[in-house]
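Undergrad: Protein chains in written order, with the numbering used here: chain A, 228 to 445; chain B, 213 to 444.
Since the hints were derived computationally from the structure, they do not count as laboratory data. None of these values were measured; they are calculated from a predicted model. It is possible that part of the hints are untrue.
[Claimed, not checked] Have a look at the derived ranges for each label pair, beta carbon to beta carbon:
(1) A:Gly377 to B:Gln280: 32 to 42 Å
(2) B:Asn415 to A:Ser386: 51 to 61 Å
(3) B:Pro414 to A:Ala321: 39 to 49 Å
(4) B:Pro420 to A:Leu304: 54 to 64 Å
From the three backbone atoms N, C-alpha and C, an ideal C-beta is built for every residue, glycine too.
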Amino acid sequence: MALTKEQIAKRIAQELQDGFYVNLGIGIPTLVANYIPEGIEVELQSENGLLGMGPFPIAGEEDADLINAGKQTITTLAGSVFFDSAMSFGMIRAGKVDLTVLGAMEVADNGDIANWKVPGKMVKGMGGAMDLVASAKNIIVAMQHTDKAGNSKLLKSCSLPITGRACVKKIVSDLGVFDITENGFICIEHAPGVSIEEIKAKTAGQLSIHPSIKEMNV
Amino acid sequence: MSLHKVVANAEEAIKGIQSGQTLLLGGFGLCGIPENCIAALVKKGVDQLTCISNNAGVDDFGIGLLLQTKQVKKMIASYVGENDEFERQLLSGELEVELIPQGTLATRCMAAGYGMPAIYTPAGVGTEVADGKEVRNFNGKDYLLEYAFDADYAIVKAWKGDTKGNLIFKDTARNFNPLMAMAGKITIAEVEHLVEAGSLDPNDIHTPGIYVNYIFQGEAYEKRIEKRTVRN
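With the hints as extra help, turn the sequences into a complete structure.
TA: And the structure:
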């Protein structure tokens, strides 16, 4: 069975290490915050100007001045700090953020990512995504493996305008976990009940299967 | 730069703004936007404006209000979702739009405020954002040359301000506001609380008043929440 969004988030949370500063994008990446493993302390960076982002507020305590990059109301934690947008992207550009988790519409087998524009259909803009992918040391993409029509979103090359070149290191999709290497996508884990044949059939880019492939623990 | 900055209201603060000028507008989404000045611009009716702001508001609030009245000729922003009228004007060609990376937007403000003509950033290298821009390699990595903004006015919103124009922002309503405050040729600040000079602790001030030309205490702040989200 293909994974739910929550299971994708849970798997990505296993990549977190104690002491990490982490930037979570909008959508599935935001859910990663719900699955931070026990005993691990991470600090969430929100690019609109906050380090140490806390959970959503309880009803009645929403504050219009306190939002995340997805414009949702949030809270702070002990030790939180606010800053302006230039400093926010300064810490991203300077490589101070340890891990960035983003959504994507397409990823190519060399690590190119497209997630900001569908010409003629959707023009929302790149927000902070281009800055993040140009500078982040470690980028994990959370995505559905195929579009609604069943076409692979893991491609030889992106068909949509790209957000950044050769920057994605790892993908967690609803079918498996993929490292991106000089030899394209390497499938290192498969979702429970998803066969290697299905992964091969639904991956358009260059794909190899790791000899010691495991089942995802989600 | 005059030391006498306090004006009565938004109408007085924006009275010098003319059609065809370029405005920097602070805020992220609807958080920390200069509500009073936007309303005054709608009332004044200046048009053919170039607006530089991270977002374009929603249909009935923020910069969306200036789009409804077709006062905006060109929008420079990083993310413009959640606004149907914006999308309609963009797809029909009525509105000129330049989408730029959010960090680039912030840093082009910063450069203007620090008196620097341009900066290099890796954001957008190898993408359509790089079209026509100078690329320079530093230490093995490519960067794009991006110019400081050259805007006639910056319009920002702060939490507290004093009669000398010193500003303090609150929480994530800070965002682009202090950067834009530094970047305008003329800067207008609207504040929730205007106090006498001397009543703010100098250690707490985010924007020194030298960057601010006009300041006033805004009224009837709606501070709309775009995506109210609570814990289960």
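Undergrad: For each hint, tell me whether it holds in the structure or not.
TA: Comparing the hints with the structure gives:
1. A:Gly377 to B:Gln280: 32 to 42 Å: holds (40 Å)
2. B:Asn415 to A:Ser386: 51 to 61 Å: holds (53 Å)
3. B:Pro414 to A:Ala321: 39 to 49 Å: violated (28 Å)
4. B:Pro420 to A:Leu304: 54 to 64 Å: Distance hint for Pro420 of chain B, Leu304 of chain A is violated at roughly 30 Å.
In the structure shown, a violation is registered for the earlier hints numbered 3, 4, in ascending order.
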